[in-house]
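Protein chains: 2
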Amino acid sequence: METILRSQTNEVRIDPLGPVVMIGEKINPTGHKKLAEALKEDNYEYVKGLAEMQIEHGAHVLDVNVGVPGLDEVALLPGIVKRLAADFDVPLCLDSGNPKALAAGLQEAPGKALVNSVNGEKDRLESVLPLVKDRQAAVIGLTMDEQGIPTDPERRLAIAEHIVNRAVQLGIPQQDVIIDTLVLTVGADQSAAKVTLRTIELVRERLGVNINLGASNVSFGLPDRQTINQAFMALAIGAGANCMITDPRKLAPTILACDLLLGRDPYGKRYIVSTRKRLA
Amino acid sequence: METILRSQTNEVRIDPLGPVVMIGEKINPTGHKKLAEALKEDNYEYVKGLAEMQIEHGAHVLDVNVGVPGLDEVALLPGIVKRLAADFDVPLCLDSGNPKALAAGLQEAPGKALVNSVNGEKDRLESVLPLVKDRQAAVIGLTMDEQGIPTDPERRLAIAEHIVNRAVQLGIPQQDVIIDTLVLTVGADQSAAKVTLRTIELVRERLGVNINLGASNVSFGLPDRQTINQAFMALAIGAGANCMITDPRKLAPTILACDLLLGRDPYGKRYIVSTRKRLA
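Keeping their order, the protein sequence lines are chains X and W. First residue of the first sequence: 1, per this note's numbering; consecutive thereafter. First residue of the second sequence: 281, per this note's numbering; consecutive thereafter.
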C-alpha cells in the first residue's frame, strides 16, 4: 500500500517495498531551547537552517512542530509552513496537538501534507480526521488511546485497526493512514522494544499500511544511546517499519545501510553516494 | 534447541531464547600477516594476546585457525589448542579445512569444543562428522555444497537439512549442529543479504537449530563497512541468528544492544556493564 506525499512540485512515495522514508524531526522545540527561543523571536532563519541541514543529510519530509508554551500555535504554524514551503520543495509533516493549528497550517501547505497525528482517542479522531479528509492530506495514527499505550501488541493492533476504520468511514483512503506503533524506553521496561517489533509485524501482516516510528525514545537513560538507536532502527526496519521520524544526521547511515541490505537500493547507489558525501 | 559448549570448567549455552553467543574470529591468519608470522615463529604470546583481547571485549568462544601455507596444521593446531585451553577457560572452536588437523586438535580440547566446519559436500561430511561424534563435539554446518553457495534460500535450507540428517544418522544430537547460513557481499549482488536473512528465517522455523553467521563479508568493497556490518548484524539477529563469528571489538556493542532490545538482557545489566567498561 503506497502513501504519496507531495510538495509544490515533488512527490515522496512511502511503500513497503521501497526505501525507508525519513521524516526530519528537528523542527520541534520540545527539549530544544534554541529553537523555542527562535520561534519566540520570529527568527525564521534558525528554522530554515534546521530544514536545510536535515535535507542535506537525507530527510525526505520535514516534521514541523512549533508548540512552545506561551506562543499561539494557530497564528504561528501557518506562517512557518508557508515560508518552509516557499524555500524547500519537500513535503511537510504538520505536527501539533491543536486541531485549529493543524487546520490553519494545512491551508498553507502545498501538495499533499502529512498530519502528525491522531490516535485512538475519540476526541482526537473526530477533531483531526475531518481536516485530513478536507485537505486530502495523509495522517499518522499512534497506537494509543484514552487508556494509554497498551503493553500488548494485539491491543496496539486493535487501536491501529480502529484508526484505519474511522478514517476509511470518513472517506480517507486507507493508504493515507500511516500507523506509528510507538516505542517506550527499554531502560524502564525490558519488553518495550519487543512489543513494538511485534506490533510492527502484526500491522504489516493484518493491515498492510505503512508504518512509522520515532526511534530515539527507546534508549532513554542508557549509555551509548546511538548504538541502541541504530540497532533498534535496523530491527524495526527488518520487522516492517518503513518510515522514520528521526534526526537524519544521526541515523540516515543506518537507514540507508538497511535499504541496501534489504535489496531496496539498486547497485547500492544511494548508500555509496550518500556515504562518500558524508565522509568527504 | 540448546547447544552447550564446554571449556575446562565453564560452559556456554547457545539457545534461541538466550543472548547471542560471540565467537571471536581473530585467531585466523587469513589476511592477517602478523599472526601468520607469529605462527611461523612459534610466537604463542601473540596468539595469547589476541585471545585475551577478544575475551576482554566479550567473546564467549574463541575460533582457532592456524592455516598458513607451508605450515603443518596437523602438528600446529593441537599445540595451540592445548596452550589456549590451559590459559583461558572458554570453549574453543577448531577451524580447519584439514580433517587430520581437526582430529589432532580435538584431542587437546578439554570439555566440548565446536568444529568449524562441515558443509553439504559428501567428502567433508564423511571425513569430519565421525570426529565430531567421537569427541562428542558440536559442529558448524555451512549451507553450501559441491555446487557452491545457492542463491535460493530454499536450496540453502535443503543443504542445512541434509547436514542435520547426516549428523543425526551418525548419532550426533541435532542440537549439536549449528547452521551457518553464509552471506555474500551485497556490493556484488544486491540480493545477497536478503537471501541470507530469508534462509535464517527458514532454518529457524523448519529445523529449530541454532544459527551462526560471520557478518563482515557482507560489506566487502563498500564505504563505511562498520555501519553496514552493524545494520546487517541487527537484521540477522532479528531474523533469528543467535551465534556470531565476529571481531567483538567492533561488533559486541551492537550485539549487546540487540539482546537488550529483544528482552534477553534482564535490566539491561550486560549492556550497561559492558558499555561503561568500554567507555571508561
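These are calculated hints, taken from the structure and not from any lab test. Any given hint could be a false lead.
Using C-beta positions, here's what the derived DEER-type ranges look like [said to hold, decoys possible]:
hint	chain 1	residue 1	chain 2	residue 2	range
1	X	E52	W	E282	47 to 55 Å
2	W	E332	X	I4	53 to 61 Å
3	X	I4	W	M281	33 to 41 Å
4	W	D469	X	E11	40 to 48 Å
5	W	Q449	X	E146	56 to 64 Å
6	X	N43	W	D295	50 to 58 Å
7	W	K530	X	S191	27 to 35 Å
8	X	P266	W	K313	32 to 40 Å
9	X	N217	W	T310	37 to 45 Å
10	W	K313	X	Y267	31 to 39 Å
11	X	I4	W	Q449	24 to 32 Å
12	W	L351	X	E2	52 to 60 Å
13	W	T431	X	L279	27 to 35 Å
The beta carbon of each residue, even a glycine, is placed where N, CA and C say it ideally should be.
Any hints from earlier that this structure breaks? Give me their numbers in increasing order, please. 3, 4, 11
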